[in-house]
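Engineer: Start from the sequences, fold in the hints, and give me the full structure.
From first to last, the protein sequence lines are chains A and B. The number in the working numbering is simply the position in the first sequence, starting from 1, with 25 added. The number in the working numbering is simply the position in the second sequence, starting from 1, with 25 added.
Pairs involving identical chains hold if they fit within one copy or between any two copies, as the list cannot separate such chains.
Straight-line alpha carbon distances no greater than 25 angstroms define the calculated DMTMM-like cross-link-like pairs of lysine to aspartate or glutamate that follow:
{"no.": "1", "residue 1": "Lys487", "residue 2": "Glu455"}
{"no.": "2", "residue 1": "Lys311", "residue 2": "Asp141"}
{"no.": "3", "residue 1": "Lys432", "residue 2": "Asp44"}
{"no.": "4", "residue 1": "Lys487", "residue 2": "Asp44"}
{"no.": "5", "residue 1": "Lys487", "residue 2": "Asp430"}
{"no.": "6", "residue 1": "Lys432", "residue 2": "Asp396"}
{"no.": "7", "residue 1": "Lys432", "residue 2": "Glu375"}
{"no.": "8", "residue 1": "Lys432", "residue 2": "Glu513"}
{"no.": "9", "residue 1": "Lys432", "residue 2": "Glu275"}
{"no.": "10", "residue 1": "Lys432", "residue 2": "Glu266"}
Think of the hints as simulated: they come from the structure by calculation, not from any bench.
Number of protein chains: 2
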Amino acid sequence: MTCNGADAFIATLAACGVDTCFANPGTSEMQLVAAVDRQPGMRAVLGLFEGVVTGAADGYARMAERPAVTLLHLGPGLANGLANLHNARRAATPVINMVGDHATYHVHFNAPLTSDAAGVARPMCDWVRTAQSPRDLAQMGADAYAAAMEWPGRVATVIVPADHAWSAGAAPVAPRPLPPPPRVPDAAIAAVADALRAADGPVALLLGGRALRADALHMAARIATVTGARLVCETFAARLERGAGRAQIEKLPYFGEMAAEFLAPCRTVITCGTEPPVAFFAYPDKPGTLWPADAQMLRLATLREDALHALTMLADLLNAPEVPEGVQARAIPPAGDRLNAHAIGAVLAELMPAGAIVSDEGLTASAALFDATMGAAPHDWLMVTGGAIGQGLPVATGAAVACPDRKVIALQADGSGMYTLQALWTMARERLDVVTVIFNNASYAILNIELGRVGVQNAGPKALSMLSLDHPRLDWCALAAGMGVPAERVDSVAGFRAAFAAALQARGPVLIEALL
Amino acid sequence: MTCNGADAFIATLAACGVDTCFANPGTSEMQLVAAVDRQPGMRAVLGLFEGVVTGAADGYARMAERPAVTLLHLGPGLANGLANLHNARRAATPVINMVGDHATYHVHFNAPLTSDAAGVARPMCDWVRTAQSPRDLAQMGADAYAAAMEWPGRVATVIVPADHAWSAGAAPVAPRPLPPPPRVPDAAIAAVADALRAADGPVALLLGGRALRADALHMAARIATVTGARLVCETFAARLERGAGRAQIEKLPYFGEMAAEFLAPCRTVITCGTEPPVAFFAYPDKPGTLWPADAQMLRLATLREDALHALTMLADLLNAPEVPEGVQARAIPPAGDRLNAHAIGAVLAELMPAGAIVSDEGLTASAALFDATMGAAPHDWLMVTGGAIGQGLPVATGAAVACPDRKVIALQADGSGMYTLQALWTMARERLDVVTVIFNNASYAILNIELGRVGVQNAGPKALSMLSLDHPRLDWCALAAGMGVPAERVDSVAGFRAAFAAALQARGPVLIEALL
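Structural biologist: What follows is the structure, given as structure tokens:
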């Protein structure tokens, strides 16, 4: 039995286990809309802007560990989703994009929406294909799934000409068996073990990617127990499983000079699931690499190798005890009297339920939030992986779709929140269990810091106006109300505590605007 | 005297006459921020999302006929602005983008924000260059200006490595003299005149680009007077000067079958400033070309040729009278009792002041709005040129910056308005004189029509949910209030009339949410 290309493509994705479609369709995607409609068990989640759609797909897959599919409208629609695909790619998240395009025979007319959709995709995607026929489109469902699941994840994009979607003669394609994650060669792990045994002085184990999951961190903590290594999380991690009862782990600071100072005492730095740390930006007369020049740099595993296996084998080679020391204790720091990032973090540490998922785009607030919540009940912490702001609310949206039984907490700076504020509407429509906390300081605060760091002196009012969100100050409660999310404004620690406690009791989206 | 690359670049642009910078900067653009700050007479306008920035640059230059410069943050920031660059390119608008990128020596570190910025630019820009040195960056200011002004306009993008911006040794470069617009060869115009004299049956003169300005339309009306030609505006025009006292002109309908029916009686179709019309999308079993198969197709001028010159010469060759017939009379249609696009158009026709600028992203409302305002006081009508929605509010923003003494009216569908709603904040901050009318029908209404047109039968609730903006219904008054724009909701013709009249009396941004 044959069907049209769209139905075959969607059925193939469904057979691969894809059950969620984040969509912002247009006319050229109507057959794909219809195919999603007809596919039993596939959920369709509408976003009112493509950056919401792609960011939600990222958040979904960070939690689900399998891809959702996005539905985007030709080159310009894909373009609107690129920034969060950049973040997803940097997070090594599995994502499948389906991008409708003009019918093949319509392209040469150069109608207004004509563009090079594959060219738009290429800079931000790992794998880009254009379907060549309705049958090929079905095959591409299986191929895209395999590409997206290339361990631990890739961004795969299929360009779907409208005539391939609506023409008959296709049939679903069977999923391709996935290979296991690539393992680090035994000899390489043994070499790290030897180097560690011979190492003199402090050791840092810098962890990223899948090395930040609880199981891998347990092995890292075992290694730390015998080597005295500090466990360090990369600055922008896709997903860190942390909190009380899990391995104690610090985070490498954002500012390069602070990161370099942090690592300065280390004589040995082992990377696992990440690369040696570099500065986020270049600055005049500041170094780009952040590790001590005379430190021994050892690579245990790359982002694309099986970190859990490597850490387990290394722990065993080092005869590390099964039960590590350095387990994080439950801890609630004093909140203090002033409403700021630390105070909010302290309230989070006190109240966050076990299993919470935090989407952190707090930017200048993030370091204090991270530190204060170290001893919170066990939770997941999702960060902005690619530096493209506007990730926070969409990732929270997707995580909530993936994990309907877990409380999601979006910690959102005001400036970056504005890039993809439309996510609030999707939270409302899908009744997602997300508490959004907006840090309203009416400023691109990070840029006011960076202005000096790049060597700009005596910035004038015009420059400062480009870094300010004041005049007018954003009213996030009104914005939330406009999209159907109940909201409350607080300006005191007690006020925040009460609002946050109430939000945790409720189900469904709530926004708390914290005036800082 | 030498300066750093950023100062030399901005000073060069200023010497070319660029006096407006629409900006959404980040760390890697701080030297450019400082350079704009130091440049006397250059205005900086902050947008809270890059699609606002690029769309505003489009709207600005459609009115000013010279480019603004945008300031965007690396590949992902540029990506967020691409959709409206696509529209600007289709509008043949002059735009200069400056995109900060990592310092050249920082790229190989593959820091989180690293991407192929030039690759991001290429699909949506006409001209893309990466500065090779601080001195080269200054030269690129002059080159980009010349590229953007390639008649009638191009999208030019300069990628600015941060070290070229901050390093010394550069100096401003003199503007390059601009060539005049290319003229259609006399013989080609004469051939059209001959063909017209010999033509049998109805003639349509399909006009686009610069042929839609009042001076060119006057010539077109002269031609119509002697040939009986219908004057037809392309479906998506960058800027049409119309209204009472100007040439009478119809618009080619959006839906292909309606456009084909519109042109069916024509035996001769002359294009000037545009190409022969094609369907916006392909549909199964519907034609892509919209002119009658047996009609004579004549090209008077392309988009990139001097339409005014060609029309003037053609009118003279045809001995057309200096004063044409077919001048549009002042006319106000009856509004009727129900608040809908026609009624709103009728109120606009009655109340719009002379010199108003209309940014039309009404989509399903646009045809009725256009028809009803035919006899309004003379005004400019700006349309969505590339089909990438989210143009309307940013273009209104930019037009208002370019023309502070003219009233700007944004006619905005609700669904497309959500893509770049952040424009409202810029309107508030800059106190721009824009009346935004939101057509709130809680639906991607156009897609509900298109669903059937592409042959989807029996769409299920999941498909329909992807085309609906209900649950929750957007509250545009709240959204506007959240960004500092006073707003009012109306659900009757009288209510709209009162609100619109009051908005015209006020100065500064106002939003009217029309519940349809």
